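Listed below, chain by chain, are the residues.
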Amino acid sequence: MRYAETGYNLEVDLATGNIERVETDPKLMELHLGGLGTSIKLHWDRVSPEVKPFDPENMLVISSGLFNATPAFSANRTVITFVSPQSHTLAYPMMGGFFSAELKYAGYDKIIIKNKSNDWVYLWIHNDKVEIRDATHLKGRGALETQDLIREELREPRAQVAAIGLAGENRCFTASIEQSRSSCSRLGGGAIMGDKKIKAVAVRGTKDVYLARGAEFMEHLKGVTEYINFRNANPIPDVMTILSGIGSPQEMVHTDEKWHTENFMWGNARTRRREFWSKENEANWTKTQLATVKRLISCFNCPQHCGGLVSFQGGPYYMMKCFGKLTYSMAAYVDDLGFNFKILQRATEYGVDSFSTPQILAFAVELYEAGILTDKDFAGTSTYEACPSDKEGRFFWLLDRVVRREGIGDILADGVWYAARAIGNGAEAFDHNTIKRHEQLPLKLGTLDPLYYLMYSTNEKISITQIEGQWPQSAFPTKEQREAFVKDWPQLPDEHFKQYLLDWEMRGDNAIPYFPTPQMCSEIVDWMEMLHNIDDACCVCAGMSSFCLKPPYHIHNYPKLISAATGLDIDETGLKKVANRNRNLHRAYNNRRGMTRADEKPPEDHWKRRFPDLEKELLDTYYKFKGWNMDGVPTREKLEELDLGYVADDLEKRGILKHGQN
Amino acid sequence: MAKIKKKIKTIKVDADKCNGCRACEVICSAFHANPQYSSNNPARSRIQVITHRLKNIWLPVFAGEYAPAECMGRDKYIIDGKEYDECGFCRASCPSRDLFKEPDSGLPLKCDMCESDPPLEKPMCVQVCLNSVLTYEEREEEVEDNLEVDAAEVALRSMVDKYGMEAVMDSVTRYLQKE
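Residue numbers (the numbering used here), protein chains in the order written: chain A, 1 to 662; chain B, 1 to 179.
No lab work stands behind these hints, which were simulated from the structure alone. A quick note: this is a predicted structure, and the numbers were derived from the prediction, not measured. The reader is advised that the hints may include incorrect statements.
[To be verified] In the DMTMM-like style, the derived pairs of lysine to aspartate or glutamate whose C-alpha atoms are separated by at most 20 Å in a straight line are: (1) A/K294 / B/E140; (2) B/K122 / A/E226; (3) A/K294 / B/D145; (4) B/K76 / A/E156; (5) A/K129 / B/E102; (6) A/K129 / B/E121; (7) B/K122 / A/E219; (8) A/K207 / B/D98; (9) A/K294 / B/E83; (10) A/K207 / B/E102; (11) A/K116 / A/E57; (12) B/K55 / A/E152; (13) A/K222 / B/E121; (14) B/K55 / A/D55; (15) B/K5 / B/D145; (16) A/K114 / A/D134; (17) A/K624 / A/E640; (18) B/K82 / A/E226; (19) B/K55 / A/D134; (20) B/K9 / B/D112; (21) A/K207 / A/D148; (22) B/K55 / A/E145; (23) A/K207 / B/E65; (24) B/K76 / A/E152; (25) B/K82 / A/D134; (26) B/K55 / A/E153; (27) B/K9 / B/E121; (28) A/K294 / B/D16; (29) B/K82 / A/E219; (30) A/K129 / B/D104; (31) B/K122 / B/E140; (32) A/K601 / A/D620.
Build out the structure end to end from the sequences listed, making use of the hints.
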């Protein structure tokens with residue numbers, strides 16, 4: 001009997017059509033827990049660094065985590081791993097929704113998809129019956145539309161479906177995998193599905209998922225439930241509304257967008273509009289949102305309502321969440337929120353990342369205005385019209401070209417970094433907001449923040465929103481506020497962090513960039529990463545854990561819940577070690593693919609005031625703290641401490657670690 | 001016939017508030033697992049959230065009485081422009097659909113309001129519904145004193161309906177021989 005996990009993976013070879021249900025080694029759960037942890041291990045073992053993103057050998061692993069399909073609230077993430085066509089590192093975008101629980105109820109922890117199909121197919125998993133089915137009739141269909149079409153043709157209204165749209169079919173580097181109200185968006189998983197010609201994966205499961213000590217698990221969960229209720233009733237004071245609660249940012253609930261619209265950049269991460277949130281704009285935006293959001297919705301087994309079912313002016317329903325509500329309007333400099341609701345509907349059916357894509361379109365507009373792209377690039381053909389000249393029309397036109405890879409869209413579809421280099425002629429200077437070839441949040445700030453410097457530069461996620469969370473985004477202005485904040489902070493891994501916060505001030509010696517000190521920053525960042533790694537192994541939503549201040553899940557209750565669920569009897573030290581092991585294996589995988597210190601930097605203009613010496617010290621200190629060499633590669637000593645001696649052997653064999661020097 | 005006082009238990013469903021999370025399904029199946037909480041499986045849940053996301057339909061429905069035969073006709077509701085499934089609001093476990101049946105045996109499921117010893121303050125689905133979609137209410141009514149059919153007899157009757165008396169008798173005989 002296996003507990004918390006099902007103990008089986010589904011191995012699907014799209015080239016031969018072979019499907020196998022394979023029992024997994026229980027030892028892997030002890031070493032890596034599950035979810036992202038065990039997926040990294042699969043990639044390490046099977047996908048050599050020579051494999052390129054669109055090679056048949058680039059495996060796509062769709063994984064549940066340890067807590068999906070248990071009564072643990074908010075354990076609903078599905079993590080999809082692959083070598084990204086954009087960053088060439090091991091990407092792991094995650095989605096909420098309902099997929100991973102259903103997969104476990106069908107009896108599988110992961111779906112491992114290998115090679116490519118000749119024709120368009122989709123995978124249908126119904127407990128022990130698994131089929132590769134023809135999908136030629138679904139080609140060109142929207143990512144949401146496809147989910148319902150598949151449920152209808154299977155006559156299974158309760159099947160959960162993850163699907164790609166046109167963008168994935170055409171291998172756009174920002175193509176997402178859409179499912180229910182959520183999506184795996186970052187770093188191009190949709191393109192890998194498209195490359196393999198797998199349009200969708202549908203699953204329906206009606207089996208039991210077991211817990212080792214169910215009653216004890218429920219006892220520990222009681223504390224989590226009470227804390228959820230407490231936090232929902234008691235938002236954190238003195239922080240921005242959006243950071244005060246739990247769950248993902250409650251963008252569908254809150255209509256106050258002063259903070260986003262005036263602090264985030266408009267256009268191609270370019271312009272700050274400090275006066276935007278006027279009475280008139282506030283009234284218009286509020287009215288539009290209230291008329292458009294039809295219902296607040298959640299993911300599987302989660303009491304929050306981070307998502308919204310929306311329909312703009314009687315248009316088709318779709319589901320949205322988070323910052324996607326604003327990204328298109330802001331990138332296009334359109335002062336009307338309705339535009340965002342309209343274009344996001346089309347973008348969701350196309351299946352594209354709503355962080356990266358608007359920036360790509362805004363980048364193209366900037367190049368046109370700078371004369372680097374010309375009317376020739378925006379011209380029509382026999383199949384489509386020329387680009388309209390108004391802001392809204394231009395964005396719709398560019399989006400259509402990108403997802404179809406038509407004309408200039410074919411170049412833009414690879415994202416800003418690649419497009420800038422393909423276009424040349426000075427376009428490279430307009431690529432100012434990418435890290436490791438990946439578009440970042442449109443934020444440009446004043447003074448370097450040492451914590452964010454480390455998170456931006458070093459994390460394997462390459463997306464800040466999935467790295468930060470446990471530590472306030474800025475110092476509290478007054479001593480009283482700081483004292484009030486630390487008073488009730490049971491989530492802290494160690495009491496000494498309280499002093500760091502108490503000493504952290506907005507101005508003076510104890511302010512950024514020199515405080516928190518590099519050593520303190522390393523500890524804080526390490527804590528944030530650790531919790532993200534635990535969440536990603538359990539597939540608990542970061543919104544209820546690592547991504548929010550004072551969350552219901554933390555390092556002190558996780559070991560109890562994991563122990564009761566799995567029977568492993570893991571303590572805090574043991575859990576930290578597993579999280580560390582997973583992170584180091586992931587890092588080594590990316591090092592093996594060529595990632596070095598030279599790649600570890602934030603967007604050049606992210607902060608106006610930079611401090612090269614301090615930045616070097618930050619990186620040196622953090623690397624040392626993590627047990628990595630000065631090139632950002634885990635040392636043999638560190639790897640052996642984490643039972644990853646075989647990784648050190650491999651890195652030495654490849655010359656990435658120098659024998660005897662590390 | 002004599003009148004007796006009967007406790008009426010109601011779960012009020014405010015479907016407009018439902019965020020579609022299905023925590024009710026998870027906890028129902030976990031509570032009724034044997035041993036309790038040792039497993040969960042929403043397919044065994046006695047509450048199901050009927051969902052059509054793009055039609056804005058999220059409708060929690062509780063398992064009601066077992067019905068051995070289909071209705072002569074089926075109903076279809078349209079409310080506020082939303083068309084619900086055939087028999088969408090019906091709580092019966094019946095031959096026309098696979099709702100409210102044990103996934104392995106096909107035997108009917110019925111909500112028992114989590115009756116247990118000691119009794120719960122309110123059913124588990126109500127407890128985990130943190131959005132107050134489900135509200136538990138109790139009241140007393142005077143009713144005629146009918147003989148209650150015990151649970152085993154209900155189960156037996158449904159097995160006979162499903163498999164026929166002969167097959168059930170054969171199974172019982174074989175089972176007794178093994179014992």
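Hint check results:
| no. | hint | verdict |
| --- | --- | --- |
| 1 | A/K294 / B/E140 | violated (38 Å) |
| 2 | B/K122 / A/E226 | holds (17 Å) |
| 3 | A/K294 / B/D145 | violated (47 Å) |
| 4 | B/K76 / A/E156 | holds (19 Å) |
| 5 | A/K129 / B/E102 | holds (19 Å) |
| 6 | A/K129 / B/E121 | violated (41 Å) |
| 7 | B/K122 / A/E219 | holds (17 Å) |
| 8 | A/K207 / B/D98 | holds (15 Å) |
| 9 | A/K294 / B/E83 | holds (16 Å) |
| 10 | A/K207 / B/E102 | holds (10 Å) |
| 11 | A/K116 / A/E57 | holds (9 Å) |
| 12 | B/K55 / A/E152 | holds (14 Å) |
| 13 | A/K222 / B/E121 | holds (15 Å) |
| 14 | B/K55 / A/D55 | violated (40 Å) |
| 15 | B/K5 / B/D145 | holds (9 Å) |
| 16 | A/K114 / A/D134 | holds (17 Å) |
| 17 | A/K624 / A/E640 | holds (16 Å) |
| 18 | B/K82 / A/E226 | violated (36 Å) |
| 19 | B/K55 / A/D134 | violated (27 Å) |
| 20 | B/K9 / B/D112 | holds (10 Å) |
| 21 | A/K207 / A/D148 | violated (23 Å) |
| 22 | B/K55 / A/E145 | holds (12 Å) |
| 23 | A/K207 / B/E65 | violated (24 Å) |
| 24 | B/K76 / A/E152 | holds (18 Å) |
| 25 | B/K82 / A/D134 | violated (32 Å) |
| 26 | B/K55 / A/E153 | holds (18 Å) |
| 27 | B/K9 / B/E121 | holds (12 Å) |
| 28 | A/K294 / B/D16 | holds (10 Å) |
| 29 | B/K82 / A/E219 | violated (40 Å) |
| 30 | A/K129 / B/D104 | holds (15 Å) |
| 31 | B/K122 / B/E140 | holds (16 Å) |
| 32 | A/K601 / A/D620 | holds (13 Å) |
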